[in-house]
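Enquirer: This is what each chain is made of:
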Amino acid sequence: MRACLFGSLLLLAACQGPLSTLDPGGPQARSVFVFTSAMVLVAGAAFALVIGLFAIALRRGRRVTGGDAGSVRAERRWVVWLGIAFPMSVLTVLLAATLWVGEGQFVRNDRLPTWRATASQGGWQFAPLGSDGVQGATTDRLVIPAGEPVIVEIVSSDVIHSFWVPRLAGKMDAVPGKPNRHLIQADTPGTYLGQCAEYCGVGHDRMRFEVLATAPRGSAAGGQP
Amino acid sequence: MTTHQTSAQPPVTPHDPAALHAELDAVWRGLPGWRGFVCEVNHGAIGLRFMITAIIYFAIGGVLAMLIRVQLASPRAAFVGPDIYNQLFTMHGTIMMFLFAIPMLEGLALYLLPKVMGARDMAYPRLSALGWWCYALGGAILLVAMLAGVAPDGGWFMYTPLSDKVHTPGINADVWLLGITFVEISAICAAVEITVSILKLRAEGMALTRLPLFAWYMLGTAAMMLIGFPPLILGSILLEVQRAFDWAFFDPARGGDPILWQHLFWLFGHPEVYIIFLPAAGALSVMIATFARQPIIGHAIIVAAIWAMVFLSFGLWVHHMFTIGIPHLALAFFSAASMLVAVPTSVQIFAWIGTLWSGRPRWSLPMLHITGFFLTFVLGGLTGVMLAAVPFNWQAHDTAFVTAHLHYVLIGGFVFPMLAAITYWMPHFTGRRAVRGLGSAAFWLIFIGVHGTFLVMHLTGLLGMPRRVSIYPDNPEWELLNLISSVGGFIMTAGFALFAVDMGLQLFMGRRTRRNPWRATSLDWAMRLPPPTYNLASLPRADMETDERTLTPSRLDMLATTLAMGEGMLAGAPRGVRETLIIDAVSGRAEAVAVLPGNTMRPALTALTIGLFFLAMLAGFYWVAAAAVVLVAAICASWIRPVAPIQDTTSAVPETIEGLPASPFCRYGLGWWGSAVLLVANTSLFASLLFAVAFLSVIAPGWEGAVQENPHGVLPMAALLVTAIGGALLLCAGLWSQRAATAGQRALAWAGMLAVAAGALASGAMMTGSPAEHARHAVQAAILAYLVIHALILLTMHLAAARGHRIGVQAVATQGVLAQWHGYTGLVALVGALALAVAKL
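Just so you know, the protein sequences line up as chains A and B, in that order.
Heads up: the first sequence begins at 30 in my numbering, then just goes up one per residue.
Heads up: the second sequence begins at 819 in my numbering, then just goes up one per residue.
Hints are supplied without guarantee of correctness; some may be wrong.
[To be verified] Short, incomplete list of chain A residues facing chain B, as computed with Cβ under 7 Å:
| hint | residue |
| --- | --- |
| 1 | V63 |
| 2 | A67 |
| 3 | I113 |
| 4 | N209 |
[To be verified] Which bits of chain B does chain A cover? Going by a derived footprint, with three or more residues having C-beta under 8 Å, they are:
| hint | stretch |
| --- | --- |
| 5 | 1071-1083 |
| 6 | 1129-1136 |
| 7 | 1152-1166 |
| 8 | 1169-1180 |
| 9 | 1187-1198 |
| 10 | 1211-1220 |
Note that these hints are calculated values from the structure, not bench results.
Here the structure is a predicted model, which means the values were calculated and not measured.
Heads up, the beta-carbon is just placed ideally off N, CA and C, and yes, glycines get one too.
Just chain B, with the same shape it has in the complex:
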């Protein structure tokens, strides 16, 4: 694919901003009524939807917290019994971590990123919508279960063996495993989209060195999501399969190990908290720069600190497991690493303070919440460093001290920055100014409430109160402390309610705001408020100043006017399609023009069929679930279709737009990039599976139990060899890929798929025992199933591509994606066969 030096110059006719707006609005607006709600794919609307849904879940989680505090306000309250109490704290944690925090940051990222980078939309509008629908439906499963009294009750991290079928026979644990995995699909979709959008969909000339700081933070967050979520997805799959089919992954009596769950969970769980913190830190960087009236100092070092945190976050997970009986060297290593992560964090804290110190800070309501952040998060970070010290951890682990610590870092490090962010961007979302008065009162109630609840809780924990107890009749020394915490909790709730009222007042009764009310210098304020669906009438050129560090508010206003007049690139929507610019990831040179899909019901329908699969699994109708998988594959295949113009000005999308190739005709377009990024997540999943095998084979107490002579002689090895050969064939098919599939390459691919599937199935049929007998057979079956599933995925992709070509999709656009998956499946088949052969599984 050729690259271009600069974009072609447009005709020098002055555009009428109103006419431009009408042209763009006709192409970019949503549909009216309920159809509009179902078919919406635009990032602004979907981002707001994520945030509003997240806030609703925050309220639900908050109510659960109040119920917990009512129970704990007195030592032998009869408010709820332990069985309901266990559901309360499990749901509180689960909702706050999975249904509030992650979707909230996803929503903010989806809304802001295109605006901050000078683009019109994210890379995959349909995927954004799919993410929201999966989140909404998955969350609904959990809520319905809670109302029906069968909410998960194993704690938000669901340790085995408590959460296995023997000790939780009811449907509660399955609700968690299936519902949360459903929601995690949403997170993976968001991570893929955020990564590709930041790398490829920026304004012309916005080189990586000029990437806005908020985008750097989100890129790091997305990287952590891609690598951090799959271990939990794998663990949930394994545990659900153990519960449904009795496969022995976590049962120590059958060669499994309950600690495997803890490793898989915390490999996700620790990056999770940085996934939650980094976007908040990104928002803080933007807001502090605005209110200090100068750019953040140490920009380059902060970027380095972000990536240090991303990298380090994967080396800390064992600090959640210090008491399970770990070798001393491991304890020392993870203790040191957990302390080390305080360094990139403090780089940011001091950079922010230094920016305020050397700038000209001015006061505002967001600054009040930012002060709340400093006073709360720093304390939480310090108690975190204390907990990193193993001897102290052995006393404080699983006590109220940890509850206090985690609330200080989460409320301090996420909630206060989000309150600041909502206050800061509310004029952007609504186009209206704040109504003075209530905001400060809300802040003070929240602040006093937070510290009232959780400050004394440190002492409560050191006095011996464990987590997750509903009564404490024999410990009068905890009574006053718990009462204080409960009163604090109610003050906090009042504060949040007042905050919501304040936002409601602004939304319904605020006066219209002027453009860029905070006098910021980032591109998101270079537009009308509230912004149109397409953000900008024309996109910035390479010669226009777009760097937030050098822009001034007045030059930003001039840029806004220039773009609204249509003097940038891709002015209007003359071809009747939704367009935005694709650039080279590092240099920022214009490469292609992305042609994006418009309103469609497909994401909602896809989410419904995925939901059907999860509900069938939950109900135990496994054949219906299998049928649902076929349905999901069919619907996903239908996503491969040519983008049609929305306004019928031309009959098809042209091959070049303003001198640049249009993305449907590119080999390395958005589809190729998204597939590559998704494969990163897939690699993490496979690596987690290999980790599980390695861990069990070394650590599991009963692993050696079931080594039997294989009655089939050399046939199992032969089956593995067939699988490996199939893998090699697929690898060749992937490497030998051209713009259009040749007959030879197609034959290679089909032979490879068949060999992998046949070899894996034969190997599975010849296992010396069933997966329910021993964990060796269970992990062997898991690896083989992974290979068979990937062969089926390849088959589906071939069929979908063939159908797509028949209806107008360019072969060049699908070939690259197929090549990637051939190569990947080939590699995992080779590695999987090797692993099975070496471990003599």
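Chain A on its own, in the form it takes in the complex:
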């Protein structure tokens, strides 16, 4: 029991980190984290099943001669039930869960506060949408209100980059010529680290930014649209 507790504490500690998807700081990342954990458990069980059957098959066959080799019954059991029916049922459940979790990731309300994020090989420029791009613009730091969903409209001015703040949400690519709208939300005030997640040349290693979530009331400075 104590070993389990110690093990899970260790596991929890291992999951911490400023860029960790396993340490969610917002609802999008949190629902994906739960979803991921469930998938890992199911995948583990499936793996154990397959390997278990394989191990038994190797052991078993040495003792039995002939068996029901080539029979239709064996074919149906392995190929139809285990090979087709079993994965199809698991995958149907997975697909349903995928669609459900996916719904929470998409932009549904276009009138949320929106910031424009422009990526380039020199770094990230953030500005509230509608501004002339100079007023309220920040470099490598996006300031948003904590506790509220916001939209980031992501575009690139040169090659393809990717906007990723793992503790808040999944990633969305910055493509030249085609802005992508992405939903993020930070539950509590703080700094959330982000990095470019699409290989963009020699500067890719260091292409980081941060999202500063400010306390929701009474904060005039820091750029609200």
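With chain A fixed as given, assemble chain B onto it according to the hints.
Expert: Quick look at chain B alone, frame taken from chain A:
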């Protein structure tokens, strides 16, 4: 062409196996010395050459991987800077995917297929050799570039705009685009040859329902190669033309779209991984049946699963692009499809386990590697299903999690099966038994190394480490994990080195093996080891048992003896030529006798001239490149020549052999089939071009930018009409084809070619803008260029056929091929003209 019920009965004189061997060897053996190396065309030698070259590239790719792991073992290593690091990971991926995996499976297929199907050779020996030379030279271009410090550095999938001229001004990207396209010629050649060989060159009576399982797997693989490689070839051509001549395909500021590259690449990229997996699965099916001592259960369902995977593999490609901003419905569709492909995969996995369960499995070194496959590939498949779920994908995409997943499926699904296959067929290649001991140690080092490197990498990715970074100074939580991965990498390398040593020991010091050491039931073990160049002294008849599912090892031994005694068909080589049987694709009835070419320098010379073209393009000498194209056309035309007997027993190849027509006299012979299969690949290329036009016209942000009034009035439409009429004429010429060209049909063909070329060139001259100004003009020019090139191909084919007839090639053999290309060019001219007219390009 008439078909025959059964082959004619041979004279009932007992053959002396030694005399048969001497007769066959004189006709089938290679030349001595360096001439032999250059002129070799036999499938066994070329197949081994492919595999050995692939293993050398695996070692090079592995060294690159170790350099990557040295850099990543600590957070701010100064081992290499980012510019070199970017070349390292690009070359590692490129070499492993294009210069190791594909050639390795091609080599195994070339070596095994004729043996497994009871034939003497593949359908196009010269094409096999051409494939190897193109692979060797293309790979050499990449290696030389790497040693010169200008290796490609845009990632192995070379996304635009990073890989365009503006953001990669150096020659690096051109090396990738040109070098890899050179190697892809090799893949297309192999795909055509594998398809036709499996369909037409089997033993008499081997109906499609009795096709060996390994051949089914390779047929599916070849189909995927034919349809999957052309999108990448097209994309590479378009990107290279953009880099060289500034045509605007992928530039969003000029009506293009960088996402077009991603679509074209992944339309290839996803089938690519199944192209890599299916042959390995085929080898696994053969080996598991042997070691379980019973046939694979669910044979028919497995065949259905193979074709399900072939079909599905073309509907998944967008799952590599989930984060680029795709409509939600598309996300849902591709997510569901990507999960669905797990079903045919699991059919095979459970069929294999079920076969072992209901059989009498015995242990061996190949079984150890097969266990490695199960433990590794299944895990990789499960993480793949996870990645198919879009919300999870949005977190894990482009992180070390994906690197871990892809290595689990590729090492698990290809490398472990290949290690098993090499161990299994090593007695076949060498005629020697394994030296006990090292094999297991090598396996365990590799196995521990693989899991040591990549298991923790899943966690590293979920903790936020992206792909393709060379330093990570601000993330101490990744340090231990990366160190573990690096140590695992070195253990893996030691394991592979030990495996190579083990194979070397077997090759040089192993004792001679007895025939069929694994007691298998497939035809490849019905011969002497190592096999003679001609495989079998005589070929199986319809009344001989050849089905691997019903044969027993002892009956296989008896069959081997029977064939070696010359009691099958086409015993020996009395006519002094290389012969093998052509059958009906479905029923297996004997149809004709293929007369195959012997040693020749032509494939090597052709590859050299193709290499000249690619090098001239790389250096920017575009006029030299154009001249090289003419040279290539001339050399290819010289391939059309009559097959001459190698031993001068008769002066010419007879019209019938053992009661069957000889292939040089057949209309629907191997040439016709190969041309038809090649046109499948060509159709895929043209379809990709139409896809590019459709995609850009709907999605590209700046597409509407450059619609101007055409100052030439109705003339552009008239030019398109001329092109369309030319297409119709060519279509008629193709349909109206007979055994020999009549004057009327020839006139129709020439008129059609001229009309298509003239119409396309006129249309191009009257474009409202240059291809460098806007993507509309670029795609218009691309379609017109495609038509003009095909008119020129037709012209070359006419000239080559005419010359061939003068030196003894039968008109009936070339007419069918010409008819196909008339028809195809006519169709694409019609469709192309229509597309241009409708899109008002």
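Enquirer: Does each hint hold? Answer for all of them.
Expert: Checked hints:
For A/V63, the suggested interface contact is broken, since its CB lies about 10 Å from the closest CB of chain B, more than 7 Å. Residue-level restraint check for A/A67 is violated (minimum Cβ-Cβ distance to chain B is 10 Å; threshold 7 Å). Here the hint on A/I113 is kept, as its CB sits about 6 Å from the closest CB of chain B, short of 7 Å. Given hint, A/N209 at the interface with chain B, holds; its Cβ is 4 Å from that chain's nearest Cβ, closer than 7 Å.
For the stretch 1071-1083 of chain B, the stated coverage by chain A holds: 4 residues have a C-beta nearer than 8 Å to a C-beta of that chain, and at least 3 were required. As drawn, the stretch 1129-1136 of chain B meets chain A at 0 residues by the rule of a beta-carbon pair under 8 Å; below three, the given contact is violated. A count of 9 residues in the stretch 1152-1166 of chain B with a Cβ less than 8 Å from any Cβ of chain A is obtained; the coverage claim is therefore met, three being the minimum. Counting residues of the stretch 1169-1180 of chain B whose CB lies closer than 8 Å to any CB of chain A gives 10, which reaches the minimum of 3, so the coverage claim holds.
Check result for the stretch 1187-1198 of chain B against chain A: holds, 5 residues qualifying (beta carbon to beta carbon below 8 Å, three or more required). Residues of the stretch 1211-1220 of chain B with a Cβ under 8 Å from some Cβ of chain A number 7, which satisfies the need for three, so the listed coverage holds.
When the structure is compared with the earlier hints, violations turn up for hints 1, 2 and 6 and for no others.
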